[in-house]
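Colleague: Okay, here's what each chain looks like letter by letter:
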Amino acid sequence: MREALEGSLAIARAVAMAKPDVVAAYPITPQTHIVENLSKLVAEGDLHTEFVSVESEFSAASVVLGAAATGARAYTATASQGVLLMSEVLFNIAGLRIPLVMTVANRAVGAPLSIWNDQSDAMAVRDAGWIHLHCASNQEAVDTTIQAFRIAEATELPVMVCMDGFVLTHTMEVIDMPGQAQVDAFLPPFAFSRALDSADPRTVGTLVDPGWFAEMRHSHHAAMGRALGVIEKVDADFAKLTGRASGGLLTVTGDPDARVGILAMGSVVGTLEAGLADFGTEAGTARLIKLRAFRPFPARALREAVAGLDTLIVIDRAISPGLGGIVGSEVSAVLQSMTAAPRVLNYALGLGGRDIPESVYPALIAAAANPLAPRFAVFDADLDKLMPEDR
Amino acid sequence: MRAIDTSLPPQRPATKTAEFKPSLLLKEDHHLCAGCGEPVAIRLILEVIEELELTQNNVCILGHGCYGSFIMLMDVDSTLCLHGRAPAVATGMKRMRPGVAIWTLQGDGDMTSEGLAEIMQTAARGEDVTCFMLNNGVFGDTGGQMTASSVIGQRTKNTIEGRDAGYHGNPIQLAEILSQMPGAGYVARGSVHNAASINATRKMIRKAFQRPMDGHGLALMEILTMCPTGWFVPPGEGAEYMMESLGKVYGLGELKDAGAASDDDSDD
Ligand SMILES: Cc1ncc(C[n+]2csc(CCOP(=O)(O)OP(=O)(O)O)c2C)c(N)n1
Ligand code: SF4
Ligand SMILES: [Mg+2]
Numbered sequence: 001m002r003e004a005l006e007g008s009l010a011i012a013r014a015v016a017m018a019k020p021d022v023v024a025a026y027p028i029t030p031q032t033h034i035v036e037n038l039s040k041l042v043a044e045g046d047l048h049t050e051f052v053s054v055e056s057e058f059s060a061a062s063v064v065l066g067a068a069a070t071g072a073r074a075y076t077a078t079a080s081q082g083v084l085l086m087s088e089v090l091f092n093i094a095g096l097r098i099p100l101v102m103t104v105a106n107r108a109v110g111a112p113l114s115i116w117n118d119q120s121d122a123m124a125v126r127d128a129g130w131i132h133l134h135c136a137s138n139q140e141a142v143d144t145t146i147q148a149f150r151i152a153e154a155t156e157l158p159v160m161v162c163m164d165g166f167v168l169t170h171t172m173e174v175i176d177m178p179g180q181a182q183v184d185a186f187l188p189p190f191a192f193s194r195a196l197d198s199a200d201p202r203t204v205g206t207l208v209d210p211g212w213f214a215e216m217r218h219s220h221h222a223a224m225g226r227a228l229g230v231i232e233k234v235d236a237d238f239a240k241l242t243g244r245a246s247g248g249l250l251t252v253t254g255d256p257d258a259r260v261g262i263l264a265m266g267s268v269v270g271t272l273e274a275g276l277a278d279f280g281t282e283a284g285t286a287r288l289i290k291l292r293a294f295r296p297f298p299a300r301a302l303r304e305a306v307a308g309l310d311t312l313i314v315i316d317r318a319i320s321p322g323l324g325g326i327v328g329s330e331v332s333a334v335l336q337s338m339t340a341a342p343r344v345l346n347y348a349l350g351l352g353g354r355d356i357p358e359s360v361y362p363a364l365i366a367a368a369a370n371p372l373a374p375r376f377a378v379f380d381a382d383l384d385k386l387m388p389e390d391r
Numbered sequence: 001m002r003a004i005d006t007s008l009p010p011q012r013p014a015t016k017t018a019e020f021k022p023s024l025l026l027k028e029d030h031h032l033c034a035g036c037g038e039p040v041a042i043r044l045i046l047e048v049i050e051e052l053e054l055t056q057n058n059v060c061i062l063g064h065g066c067y068g069s070f071i072m073l074m075d076v077d078s079t080l081c082l083h084g085r086a087p088a089v090a091t092g093m094k095r096m097r098p099g100v101a102i103w104t105l106q107g108d109g110d111m112t113s114e115g116l117a118e119i120m121q122t123a124a125r126g127e128d129v130t131c132f133m134l135n136n137g138v139f140g141d142t143g144g145q146m147t148a149s150s151v152i153g154q155r156t157k158n159t160i161e162g163r164d165a166g167y168h169g170n171p172i173q174l175a176e177i178l179s180q181m182p183g184a185g186y187v188a189r190g191s192v193h194n195a196a197s198i199n200a201t202r203k204m205i206r207k208a209f210q211r212p213m214d215g216h217g218l219a220l221m222e223i224l225t226m227c228p229t230g231w232f233v234p235p236g237e238g239a240e241y242m243m244e245s246l247g248k249v250y251g252l253g254e255l256k257d258a259g260a261a262s263d264d265d266s267d268d
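If you're matching them up, the sequences are chains D and H in order. Note that the working numbering numbers the first sequence so that position 144 is 144, with each residue one more than the last. Note that the working numbering numbers the second sequence so that position 71 is 71, with each residue one more than the last.
Hints are computed from structural coordinates only; laboratory data are not their basis. Some clues are possibly wrong.
Said to hold, decoys possible - Below 20 Å or equal to it, Euclidean Cα-Cα: the simulated DMTMM-like pairs (lysine to aspartate or glutamate) are:
| no. | chain 1 | residue 1 | chain 2 | residue 2 |
| --- | --- | --- | --- | --- |
| 1 | D | LYS19 | D | ASP184 |
| 2 | H | LYS248 | H | ASP263 |
| 3 | D | LYS40 | D | GLU6 |
| 4 | D | LYS40 | H | ASP164 |
| 5 | D | LYS40 | H | GLU237 |
| 6 | H | LYS248 | H | GLU176 |
Build out the structure end to end from the sequences listed, making use of the hints.
Modeller: Here it is, written out as structure tokens:
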């Protein structure tokens, strides 16, 4: 049913339809509305779950770990500093191959303190071993949340659903909410193959000596590789059921014949689509690549998506100081093996909530036309504000 | 004596005869909600710092909560640390600057939820620092959710039917716990709900600064502050609501004063 909903409320309803056995969370802007709406659903009797209001994100992640280890369907949500505080547990959850779902309402990481949107939080834990799916709209975030439970349970890997803080979480959008019957058909009850069960004792997680650690890491990496296919299949199955796909690993839109491509993750894709529509004729068209799966990284799909491009601009919503862009560096690395790889320009945009206007589109196209354009830049930084040595 | 005629508006505007803000407050206005108790508590702290002539000899370490926005309004050395970690940061500073009054500005969420380990361990080590906890029983800054200090029956955004001991657990009465610890030399609980409590609290704040400076260990100064927004009551009803809810659980007064014998505070 199509309804105008705030992103966070829609996510809470989607989570409720997945019928989690346990929800544990600690409040942090801009995740708060998701969890508040969940607690409201519990209070109104529309969600039967063990709702644990814990004292920190560290505990939130630990509670869902413990719950999921018993075979429960578990959910948490956080952002920014919360992701960082959880980080040790995030590695633990993934290393133990515990399937669960977490929403990250993407927000900058301090210092300096910022409550506004960028994607530094998710990027900081990219190596924790979680599947990372980035959503460009609230519709995608709702559909991806439901899919995430199935992906997690099929792969025995935890899934992080990333949605831009405020831009998505606090924005009203007309959303086609799936019905409970559809979700039930799509998402069977969770049956965890390694659930702790005292009738059949086992150990989940132990000290591993050097004779096994490398193999464990390799198997985790291999499972991530297999997850590529699972993500695509789950999205295709969801599309069969609802008529709506959520973007698989990545999607290509815009002008397929353009020689310039722009790759981005999250809500900025919508801004670029609008920029292309409004400025494309004048400024020049582009192929737009919306990357949904950041982990596992869809190298092959990406090489296919960029074939024929002269220049690929990769948008980063975070930076790795001392290197530059993160998505941009990874894209450059996987394109190395192409015979005719496009030139990659990597631009960070919208850090700490800096507004990304549609007019960024012609500015990016102009950069692509400039042979001397820098390979990396914080594209929208006003360098005049800085001391000369920092410009 | 001539009676003042109050039937008409004043013929002359009132004359401002003195500055009413402490010198350490850079501006009189703030961004906190109407009826919020935190600005009152912070103002008291700043006044005491001035009284004790610590203006050039103190550092404030702020946690995360609504009070954090005062970092730009207070004319004191300050640093904004991570949520809950202020007592640990204070430890590092105090060890390097033993002669300086190091104080933390935290909330109940910051201190009793996220940062419980830091305050407990800092007290256990007996660090000579002053820790303020502005207790309003909610995470005000994030919109009014339950903290470890929310009282039984209290309605918050995630205890919509009221905090239930069986489901949500019981409040942590941190001051009572710390008062049992040898490393905490001064533990007191004040409030800013009326003029009398403000005066009493100001006296306790003085000792909360003096005791660690005299080597008696950590001082925990808890102050009950109104949060009408997070309690979903009109601003004017904050004080009454507070004493009906938090006030019933969190008794006011000094819980411990290891320096009482050496007290030369002739203020009262
Ligand atoms: C690790 C981490 N998690 C969550 C937050 C979000 N956060 C900011 S302020 C705050 C609430 C603080 O509550 P309290 O200390 O009681 O202060 P109040 O706003 O009530 O004055 C929270 C949870 C954060 N900054 N860092
Ligand atoms: S939310 Fe509560 S603590 Fe925060 S400024 Fe408003 S009244 Fe004060
Ligand atoms: Mg509080």
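Colleague: Each hint should be assessed against the structure and marked as holding or not.
Modeller: Outcome of the hint check:
{"no.": "1", "hint": "LYS19(D) with ASP184(D)", "in the structure": "9 Å, holds"}
{"no.": "2", "hint": "LYS248(H) with ASP263(H)", "in the structure": "30 Å, violated"}
{"no.": "3", "hint": "LYS40(D) with GLU6(D)", "in the structure": "15 Å, holds"}
{"no.": "4", "hint": "LYS40(D) with ASP164(H)", "in the structure": "15 Å, holds"}
{"no.": "5", "hint": "LYS40(D) with GLU237(H)", "in the structure": "25 Å, violated"}
{"no.": "6", "hint": "LYS248(H) with GLU176(H)", "in the structure": "14 Å, holds"}
Violation of the numbered hints given earlier is confined to hints 2, 5; the remaining hints are satisfied by the structure.
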